[in-house]
Amino acid sequence: MRKASVYLALVLLVAVSVVPFLWMLATSFKHGQDIYTKVPSLLPLDRRTGEWAATLENYAYVLQVGGLGRAFLNSVWVCLVLVPAKLLIDALAAYAFARIRFPGRDTLFVVLLGGMMVPTITLLIPRLHVTQALGMFDSGWGLILPNVASVLDIFLLRQFFLSIPVELEEAALIDGAGRMQIFWRVVLPLSTPVLSVVTITSFLFHWNDLVWPLVVLNDPDLYTLPLALQQLVASPDGGRAYYVMAGATLAVLPVIGVLLVFQRRILQGIAFTGLKS
Amino acid sequence: MASPALAETPTAAPGPRRRPRRPDARRRDHLIGWLLVAPAVAYFLVFLLHPALSALYYSFTDWDLRTPARWVGLANYTDLLFDDVKYPHFWTSVRVTLQYTLIAVPLTLVAALVQALLVNAVRRGSNVFRLLLFLPVVTAEAAVGAIWRWLYDPRYGLINSVLELFGVPGQNWLNTPELVVPALAFVSAWQCGISMIIYLAGLKGIPTAIIEAATIDGAGPVQRLRRVVMPMLRPTTFYLVVTGVIAALQVFGLVYVIFSGAGRSVTGGPEQSGLTYVLHLYLFAFRYDAMGAACAMSFVLLVLIVIVTALQFRFVRREAA
Numbered sequence: 001m002r003k004a005s006v007y008l009a010l011v012l013l014v015a016v017s018v019v020p021f022l023w024m025l026a027t028s029f030k031h032g033q034d035i036y037t038k039v040p041s042l043l044p045l046d047r048r049t050g051e052w053a054a055t056l057e058n059y060a061y062v063l064q065v066g067g068l069g070r071a072f073l074n075s076v077w078v079c080l081v082l083v084p085a086k087l088l089i090d091a092l093a094a095y096a097f098a099r100i101r102f103p104g105r106d107t108l109f110v111v112l113l114g115g116m117m118v119p120t121i122t123l124l125i126p127r128l129h130v131t132q133a134l135g136m137f138d139s140g141w142g143l144i145l146p147n148v149a150s151v152l153d154i155f156l157l158r159q160f161f162l163s164i165p166v167e168l169e170e171a172a173l174i175d176g177a178g179r180m181q182i183f184w185r186v187v188l189p190l191s192t193p194v195l196s197v198v199t200i201t202s203f204l205f206h207w208n209d210l211v212w213p214l215v216v217l218n219d220p221d222l223y224t225l226p227l228a229l230q231q232l233v234a235s236p237d238g239g240r241a242y243y244v245m246a247g248a249t250l251a252v253l254p255v256i257g258v259l260l261v262f263q264r265r266i267l268q269g270i271a272f273t274g275l276k277s
Numbered sequence: 278m279a280s281p282a283l284a285e286t287p288t289a290a291p292g293p294r295r296r297p298r299r300p301d302a303r304r305r306d307h308l309i310g311w312l313l314v315a316p317a318v319a320y321f322l323v324f325l326l327h328p329a330l331s332a333l334y335y336s337f338t339d340w341d342l343r344t345p346a347r348w349v350g351l352a353n354y355t356d357l358l359f360d361d362v363k364y365p366h367f368w369t370s371v372r373v374t375l376q377y378t379l380i381a382v383p384l385t386l387v388a389a390l391v392q393a394l395l396v397n398a399v400r401r402g403s404n405v406f407r408l409l410l411f412l413p414v415v416t417a418e419a420a421v422g423a424i425w426r427w428l429y430d431p432r433y434g435l436i437n438s439v440l441e442l443f444g445v446p447g448q449n450w451l452n453t454p455e456l457v458v459p460a461l462a463f464v465s466a467w468q469c470g471i472s473m474i475i476y477l478a479g480l481k482g483i484p485t486a487i488i489e490a491a492t493i494d495g496a497g498p499v500q501r502l503r504r505v506v507m508p509m510l511r512p513t514t515f516y517l518v519v520t521g522v523i524a525a526l527q528v529f530g531l532v533y534v535i536f537s538g539a540g541r542s543v544t545g546g547p548e549q550s551g552l553t554y555v556l557h558l559y560l561f562a563f564r565y566d567a568m569g570a571a572c573a574m575s576f577v578l579l580v581l582i583v584i585v586t587a588l589q590f591r592f593v594r595r596e597a598a
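Chains C and G supply the protein sequences, listed in that same order. At position 137 of the first sequence the residue is numbered 137 (this note's numbering), and the sequence of numbers has no breaks. At position 53 of the second sequence the residue is numbered 330 (this note's numbering), and the sequence of numbers has no breaks.
Hints may contain errors.
SDA-like cross-link-like pairs, simulated, lysine to any residue; straight-line CA separation at most 20 Å [to be verified]:
hint, chain 1, residue 1, chain 2, residue 2
1, C, 3, G, 578
2, G, 481, C, 238
3, C, 3, G, 591
4, G, 481, G, 515
5, C, 38, G, 497
6, C, 3, G, 489
7, G, 363, G, 383
8, G, 363, G, 481
9, G, 363, G, 515
10, C, 3, C, 15
11, G, 363, G, 565
12, G, 363, G, 400
13, C, 38, G, 439
14, C, 3, G, 404
15, G, 363, G, 578
16, C, 38, G, 447
17, C, 38, G, 404
18, C, 38, G, 445
19, C, 38, C, 268
Everything labelled a hint here was simulated from the structure, so no lab data went into it.
Can you make the complete structure from the sequences, with help from the hints?
Next up, the structure:
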């Protein structure tokens with residue numbers, strides 16, 4: 001009896017979480033006139049006859065006219081370049097901070113950590129100014145370079161590297177391996193848990209990021225998916241929920257796929273990192 | 278491999294396998310170390326340290342991002358705080374943001390705690406429940422804003438339809454000034470998944486022996502929650518309050534998308550009722566080209582965040598004493 005009520009409560013809460021997505025999906029497949037019904041339907045049904053009436057027209061429209069097809073590809077491209085580059089830069093630095101002794105190391109690390117305290121909004125305008133000064137305003141590089149390292153990720157990777165038994169690396173050193181060989185052959189293969197957490201959270205963050213593309217891009221051909229979606233909402237089509245929901249579905253589906261595939265890693269990692277970058 | 282016993286024995290000749298690190302090897306290590314951190318340090322200098330310092334400098338200037346900045350001393354700060362002709366909505370945005378924080382943070386924490394307690398109480402299917410409750414968190418702000426604009430639609434939105442099922446009259450959520458902040462806060466509570474996961478980790482950390490002891494002593498579920506579970510979750514709650522307040526004070530993307538279009542983003546909703554602090558900052562920077570004033574606003578926010586966090590720490594320490 002008690003158990004049943006716990007499950008009932010859970011199902012209700014899950015419904016609150018999930019129904020908005022189901023409604024988004026249903027709306028995205030409806031014909032324009034079918035969304036204006038007194039009793040809303042979670043299935044794409046004809047307004048008059050109540051028969052199944054799904055369509056892909058909304059997707060065709062937002063992909064072409066709305067520019068979301070190009071924006072989707074832009075987002076994929078940015079994530080494909082940015083996420084691995086960032087991981088490499090962060091992991092190299094984290095390894096040096098964890099294992100290699102060099103003068104000024106610990107002071108430098110503390111200074112870097114201090115940088116985490118400054119809110120992103122404080123950095124936004126001067127960062128944009130620097131990006132302009134470097135000639136990267138309104139370009140793909142302007143999307144990537146100003147995000148290409150993360151102090152938080154360096155910190156997380158360093159903590160993990162520190163937990164690897166140092167004997168393993170010493171053994172390799174004695175066998176004549178160089179620093180970089182140890183990093184590639186010993187440290188990285190042992191670090192897949194933290195590497196995957198950092199990769200996934202970084203992908204989620206940049207796939208979803210709206211603010212930086214919003215300020216650094218002017219050219220609609222370069223828009224990323226969240227920015228193109230926001231522009232769709234702001235356009236005269238913003239009142240046409242069937243278009244907007246098709247756009248939202250395009251933004252949400254890849255992320256849900258990643259969540260389903262990597263759920264264990266994400267849910268473990270999130271407890272430590274949040275979703276910041 | 279190189280056993281410590283062997284290394285400590287003075288008689289043992291230095292074997293060929295244990296190379297002492299010679300000075301040139303150490304120097305090479307220094308070089309490698311610096312090379313490995315160089316890209317990250319370059320990023321830090323160019324895109325973090327320099328922007329942080331220049332934000333402070335520009336906050337004392339009149340600047341539009343294109344022409345050279347002109348030093349104006351404290352004028353930006355005093356104008357923001359006291360000149361309600363130049364910045365008529367500054368205090369409105371402060372009020373809206375504080376209201377939002379005061380509603381969104383408790384609502385999110387309560388929702389997260391309830392979810393965590395329930396997920397923790399079941400064995401079968403808890404992973405599936407956890408996953409589904411987490412879904413809203415990984416969704417892009419732009420998509421969240423788009424979805425909730427449609428859910429809150431006064432005539433055909435799902436929320437009003439559900440309310441009318443229960444005999445509650447539908448509302449024009451995003452166009453009624455008094456309802457805008459609660460409606461936004463509800464969206465943030467919808468996205469409470471991260472807090473839920475962190476609460477779950479906290480719940481797992483409570484030793485079952487303590488709960489069992491309380492049960493044997495005759496404590497019911499409500500008493501156990503109030504007297505045992507909640508006190509033991511205190512550090513978790515504190516962490517979530519601090520991070521939640523810091524995030525709520527900076528809410529932007531959701532509001533920007535929800536009030537996109539039809540000229541509404543310029544005002545931040547009906548009668549500025551959704552004009553959050555960072556939205557106000559963004560509008561001054563990118564609609565009115567007042568970059569200096571926007572930098573000053575960002576430092577006022579920084580100070581506000583530091584003060585709020587310090588107060589929370591102090592509050593907790595006094596309670597602990």
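**Request:** Just pull the numbers of the violated hints for me, sorted ascending.
**Result:** Going through the list in order, the structure violates hints 1, 2, 3, 5, 7, 8, 9, 12, 17, 19 and respects the others.
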